[in-house]
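K.L.:
Chain residues, written in single-letter form:
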Amino acid sequence: NAGVTQTPKFQVLKTGQSMTLQCAQDMNHEYMSWYRQDPGMGLRLIHYSVGAGITDQGEVPNGYNVSRSTTEDFPLRLLSAAPSQTSVYFCASSYSGLAGKSSYNEQFFGPGTRLTVL
Amino acid sequence: EDQVTQSPEALRLQEGESSSLNCSYTVSGLRGLFWYRQDPGKGPEFLFTLYSAGEEKEKERLKATLTKKESFLHITAPKPEDSATYLCAVQGWGTSGSRLTFGEGTQLTVNP
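Chains as they are written, first to last, in my numbering: chain G, 1 to 118; chain W, 1001 to 1112.
Hints were generated in silico from the structure; no laboratory data involved.
All figures in this text were calculated on a predicted structure; none of them were measured in a lab.
Beta carbons: idealized from backbone N, C-alpha and C, even for Gly.
Just to be clear, a hint being listed does not mean it is correct.
[Unchecked claim] Example chain G residues on the side facing chain W (calculated, C-beta under 8 Å, incomplete): (1) Gly40; (2) Gln57; (3) Asp73; (4) Gln107; (5) Pro111.
[Said to hold, decoys possible] Each computed BS3-like pair below joins lysine-lysine, with the alpha-carbon atoms no more than 30 Å apart: (6) G/Lys14 x W/Lys1042; (7) W/Lys1042 x G/Lys9; (8) W/Lys1057 x W/Lys1079; (9) W/Lys1042 x W/Lys1059; (10) W/Lys1063 x W/Lys1079; (11) W/Lys1079 x W/Lys1069.
Work out the full structure: start from the sequences and follow the hints.
P.N.:
Rendered as structure tokens:
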């Protein structure tokens, strides 16, 4: 299994440009999520999905869109990049976690995308 | 709103010098408390899940414990390869799906 993969690893954008960060997992996980990590702020949830066709907002959703057309893929779209979106972005996946006390709650993270917006 | 506070922000140890990292949390019904390790330039790597007060889990030189208000990550006789940022996260029964709330982490440096 490749686990959780993310592309690209690095990206530089100009203010106002749009782009899509790709995330894929091959573990048949229902739950997928996007986080951003900034110094002094920790990991903050942007958007998440509990299954194909179902998405919801996290803590910091403004400026980002997501869709989930398949179980495997969960792309994150930046509509009009701003310098405040300069960050490291992580995708994560797990089973739905509805099994209560079980290992199904463990989230697996991708290697991250480092984004700079000029 | 779920909250997680980790201390200290940074910890520097000599090889073999045991210590503990703290994770204080507030959550509306704890579903699980998670510890992750993160190396520079990489994604967080899962270490432990704890579900109820009194529970303990061990992995090599690491031992995680849980009370109703906090969790400790004990590091016994650390080695330089244990140097990393350690992240704590909670999942509450009031949250949707597997949603996690993370602390800011403790950056551990172990000198040879």
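K.L.:
With reference to the structure, classify each hint as holding or not holding.
P.N.:
Do the hints match the structure? See the list:
At about 7 Å, the closest approach between the beta carbon of G/Gly40 and any beta carbon in chain W falls short of 8 Å, and the interface hint on this residue holds. The interface hint given for G/Gln57 is violated, since its Cβ lies 10 Å from the closest Cβ of chain W, which is over the 8 Å cut-off. Taking 8 Å as the C-beta contact cut-off toward chain W, the hint placing G/Asp73 at the interface is violated, the least distance being around 17 Å. Taking 8 Å as the C-beta cut-off, the interface hint given for G/Gln107 holds, the closest approach to chain W being about 6 Å.
For G/Pro111, the interface hint holds, since its Cβ comes within 8 Å of a Cβ in chain W; the closest pair sits about 5 Å apart. A threshold of 30 Å between alpha carbons decides the hint, and for G/Lys14 with W/Lys1042 the separation of about 25 Å falls inside it, so the pair holds. About 10 Å separates the Cα atoms of W/Lys1042 and G/Lys9, which keeps this hinted pair within 30 Å; it holds. For a cut-off of 30 Å, the pair hint linking W/Lys1057 to W/Lys1079 stands: about 19 Å separates their Cα positions.
Between the alpha carbons of W/Lys1042 and W/Lys1059 the distance comes to roughly 21 Å, so the proposed pair stays at or under 30 Å and holds. Only pairs whose Cα atoms come within 30 Å are accepted, and W/Lys1063 paired with W/Lys1079 is accepted, the gap being roughly 15 Å. Under the criterion of a C-alpha separation no larger than 30 Å, the hint pairing W/Lys1079 with W/Lys1069 is consistent with the structure, at around 29 Å.
Consistency note: the structure conflicts with the earlier hints numbered 2, 3.
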